[in-house]
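*Asks:* For the sequence shown, the UniProt record's numbering begins at 1 and goes up steadily by one.
Hints listed in this document are in silico derivations from the structure and should not be mistaken for laboratory results. One thing to keep in mind: the hints can contain errors.
[As the list claims (entries may be wrong)] Distance ranges between label pairs, derived from CB positions: (1) Gly47 / Arg8: 53 to 63 Å; (2) Trp20 / Lys41: 27 to 37 Å; (3) Thr6 / Gly47: 52 to 62 Å; (4) Thr6 / Leu40: 46 to 56 Å.
We put the CB at the ideal spot given by N, CA and C, even for glycine.
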Amino acid sequence: MPFNDTDRRRDVVAQLRPAWNWFKWTVIIVTEFGAFLVSLKEVLESGPARRRYQRIV
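With the hints as extra help, turn the sequences into a complete structure.
*Replies:* So this is what it looks like as structure tokens:
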């Protein structure tokens, strides 16, 4: 039985897919968390919560 190149490629893709999903979701979560922290910082530095925030810090 000859070893087909497309079979080899399919095996490599099948091995990489879980790792790619982990990488993709890690990037998404880190990006969302970073955006949340930036927006939280902007909210705390401006507006009515500013005085309370500066009193804490």
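*Asks:* All the hints need checking, so say for each whether the structure fits it.
*Replies:* Status of each hint after checking the structure:
no.: 1; hint: Gly47 / Arg8: 53 to 63 Å; verdict: holds, 58 Å
no.: 2; hint: Trp20 / Lys41: 27 to 37 Å; verdict: holds, 32 Å
no.: 3; hint: Thr6 / Gly47: 52 to 62 Å; verdict: holds, 59 Å
no.: 4; hint: Thr6 / Leu40: 46 to 56 Å; verdict: holds, 49 Å
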